[in-house]
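Participant: If you read the sequences in order, they're chains Y and P.
Counted from 1, the first sequence has number 119 at position 136 by my numbering; the numbering is strictly sequential.
Counted from 1, the second sequence has number 352 at position 168 by my numbering; the numbering is strictly sequential.
If you're looking for bench data, these hints aren't it; they were derived computationally from the structure.
Please note: incorrect hints may appear among the correct ones.
[What the hints assert, rightly or not] Here are the simulated DSSO-like cross-link-like pairs (lysine-lysine), alpha carbons at most 30 Å apart as the crow flies: (1) P/K301 <-> Y/K(-11); (2) Y/K166 <-> Y/K100; (3) P/K301 <-> Y/K(-9); (4) P/K490 <-> Y/K100; (5) P/K490 <-> Y/K(-10); (6) P/K303 <-> Y/K284; (7) P/K303 <-> Y/K166; (8) Y/K196 <-> Y/K284; (9) Y/K166 <-> P/K490; (10) P/K301 <-> Y/K(-10); (11) P/K301 <-> Y/K166; (12) Y/K94 <-> P/K490.
This is what each chain is made of:
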Amino acid sequence: MSIELKKKLDIALYVFLMLMGAVSILVTFGIVWVLLVDTIRFFTHPDGGGFPSSLIRFFTDKHWTPTFYNKQIGIWPLLNGTFLIAFISMVVAVPLGLVVAIYLSEYASWKTKEAVKPWIDFLEAVPTVVYGYFALLFVTPLLQKFFVYFGVEMEGMNALSPGIVIGIMILPYTASMIEDSFKGVPQYLREASYSLGASKLRTALFVVLPAAKSGVLSAYLLGFSRAIGETMVVAVAAGMYPQLTLNPLEPVQTITGYVVQVALGDLPFGSFEYLSIFAAGFALFAITLVLNSIAVYLKSKSLGY
Amino acid sequence: MEAQTALKETSQKLKEFDIDSYARSVRLRDRVFGVIGLVATFLTLIFLFTISVDLLIDGWSRIKDPAFYTSYPSRFPEQAGILSSWVGTLYVMAGAIFWSITLGVPAGIYLEEYGGKGKVARIIEANIANLAAVPSIIYGLLALGIFVYRFKLGESVLTAGLTLGLLMLPVVVVSTRESIRRIPRSIREASYALGATRWETLLHHIIPYSAGGIFTGIIIAASRAIGETAPLITIGALTFIAFLPPAPWEDFVGMLKSPFTVLPIQMYNWVSRPQEEFHTNAAAAGFVLLMLALLMNSIAFYLRFKVRRRYQW
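Whole structure, please, built from the sequences with the hints as guidance.
Facilitator: Written as structure tokens, this is what we have:
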């Protein structure tokens, strides 16, 4: 093969690789474009009252019923369900995630860590619909028995049990990210603390944790964002009733749950119902994007050592 | 005067301070937390174990029935099976792996080998990090809006494969980069010194040495994608399919265009029915899914172990 040909091949390969790398940018553009275009079409659709009254109704209506005859398009009930479940899951994941991360990074021996790691990897691969099954047919009946004991009725579809299950689901993810940020804390800080007579626990809580606080916060935000975008657990176990409530024992609907519910029916392209899942999806995308951006910013700040 | 009494009091307190019992209580607290940490860590594993056992017990009557794996879904729960869904999963995953390799591996090689600290590389890198955190259902909306309706690919095996392939992309890119990074510079420089061009070095050295690591990443990504339900429901995957897509060696295009169902969707369909008999089927399908994911993770674990032993620079 001549040198010239080889040189040309070199350039061709470079161009090919760069184009393939650029496909990921195309994907992002595709997501933003499709969400934006169909959300605009949603707000200009006559069924929603047309622009700008549809946009005002989006933030002022108290019900979300784009699939009904009487169409109301207030996003709040969906946001209510989404955030209620995400908060419940964080109540589980925040303390447990911190404990697991401190244990793995400060206490556990190398052997324990090596033994636990592959299982934590595997936990990420458990299909979410399996978690949904578990929430609906194992956790909910268990909680119902527990609440009957106190004389409280709990509905078969509720926010509490998917919230708890999602919390445990995002736990390995959150814990391993917190552990990563603990790893970034230099050893000499720990040793300084030990030399002053502090115990392991005190060192972990008052030296390592403050030193890694932005990384920890970033891990929690990413976990929260994941809980918000979680779909199958809530589609199975949270019900399909969008309402404004803070009672975790009642059925709710999340943005993701709504998308699944509508997508299961037959959607004519461009209909109001079809467009409504893009408007809801746009809201979801915007929320997770903001959370992820803050998380990335915090993480970049934590590399101070 | 006052300062002196304060000093006296402090020294008195210091004398009375029982350092041994204090140290004991601190050590005890430390040990107690160690136990709590261990329990919390194993709690997640216990949770996993509980799920598996729950699925196994609930679905046992169907799991042990060979007809479950060879029959189509049905109105009658005891006759319903997962034939069309596991075949669909096979086709869709083949597509997803194909797309994630063709798009993800070159992107990873570009970022690691050519990217450096250039602007283009930095943008692509930030973009991939961002894509990794996008909820999977958003990929479903992308596929519905673009692949299904604007490219007119329909609710087909091809669309599903593409969608899951894009979902796997970030993991594949990151693992490609990591396994290339492990190859020492000296290998590259030796190759250049012998007069090899960049593509020769890439083809003869970089790719073969990193192939094990890249494969591990692809299997990990695939094990996560195999359970993905939300994006496929969004593109309108059917839940009741009583036929198989044509075999790829007979009618490749027909296979790509064929409607499909996959295991997690079949399971979702059964879970969301009110009859309890269908829940048995759902548990059985869930157990099969869980075992598939476990199998893939074990292969990845074994591969990682092998790769580490094979190349020790």
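Participant: Give a verdict on every hint.
Facilitator: Hints, one by one, checked against the model:
With a C-alpha separation of about 26 Å, the suggested pair P/K301 and Y/K(-11) falls inside the 30 Å cut-off, and the hint holds. Distance check on the hinted pair: Y/K166 and Y/K100 sit about 15 Å apart at the alpha-carbon level, within 30 Å; holds. Note on P/K301 and Y/K(-9): the hinted pairing holds, with a Cα-Cα distance of about 24 Å set against a maximum of 30 Å. A distance of roughly 17 Å separates the Cα atoms of P/K490 and Y/K100; the hinted pair therefore holds under the 30 Å criterion.
With a CA separation close to 36 Å, the supplied pair P/K490 and Y/K(-10) exceeds the 30 Å bound. In summary, the hint linking P/K303 to Y/K284 is supported, as the alpha carbons are separated by about 21 Å, within the 30 Å threshold. For the hint linking P/K303 to Y/K166, the alpha-carbon distance of about 29 Å falls within 30 Å, and the restraint holds. A distance of roughly 10 Å separates the Cα atoms of Y/K196 and Y/K284; the hinted pair therefore holds under the 30 Å criterion.
Under the criterion of a C-alpha separation no larger than 30 Å, the hint pairing Y/K166 with P/K490 is consistent with the structure, at around 26 Å. Taken as a hint, the P/K301 and Y/K(-10) pair is honoured in the structure, with Cα atoms around 24 Å apart against an allowance of 30 Å. This hinted pair checks out: P/K301 and Y/K166 have alpha carbons roughly 25 Å apart, not beyond 30 Å. The suggested pairing of Y/K94 with P/K490 holds, with an alpha-carbon distance near 19 Å, which does not exceed 30 Å.
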